[in-house]
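For reference, the chains in residue letters:
2 protein chains.
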Amino acid sequence: MNPADMTFAGFQKYISEKYESSDRARGTPKTFLWFIEEVGELATALNGEDRENLAEEFADVVAWLCTLANINDIDLAEAIAKKYLGEKRPEGAK
Amino acid sequence: MNPADMTFAGFQKYISEKYESSDRARGTPKTFLWFIEEVGELATALNGEDRENLAEEFADVVAWLCTLANINDIDLAEAIAKKYLGEKRPEGAK
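Chains as they are written, first to last, in my numbering: chain P, 1 to 94; chain X, 1 to 94.
The set of hints was computed from the structure by calculation and includes no laboratory data.
Treat each hint with caution, since some may be false.
Note: identical chains are not told apart, hence a pair may lie in one copy or across any two.
[Unchecked claim] Here are the simulated DMTMM-like pairs of lysine to aspartate or glutamate, each with C-alpha atoms no more than 20 Å apart in a straight line:
| no. | residue 1 | residue 2 |
| --- | --- | --- |
| 1 | Lys18 | Glu56 |
| 2 | Lys82 | Glu41 |
| 3 | Lys13 | Glu78 |
| 4 | Lys18 | Asp75 |
| 5 | Lys30 | Glu41 |
Could you build all of it, start to finish, from the sequences and the hints given here?
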């Protein structure tokens, strides 16, 4: 698949099919710890010079965010469309 | 647009066109502070009962992650495809 064609819905579903049962068993608080661990690794990578690692850490944060969304029954694409692409989207700042 | 069709590349570009010049002027460290503020708001929402707010906070985290990626010249879709959908993708755990 061309990465340019990758949808939020498709990747969120991929993460769901691969991990959601174990993610749900772990629960939101512990999963949030994993997510934050990846956010910390992203911070480290942003401070460094390893571009490949930086890209990986961005990917990991997205993956764990998808997991948090899955186990909380949030459709990321719908949430983004409603907040950023809908009628009440922010004009000046995010 | 149907949210199910929303691509990472398309939304990252949308955020770039709307905010990247001011985001680059702010720089990575200060932008990371904004990102973390949204992560904190996501934590608050995960602890609460307001489903609409929870969806918004997920969207905000994605938007600020796109901003961090933009100003660090990272293509999120490529990073995700390489880490999660490529030959060396994780099998057992994220």
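Query raised in the report: Which of the listed hints are not met by the structure?
Result: none
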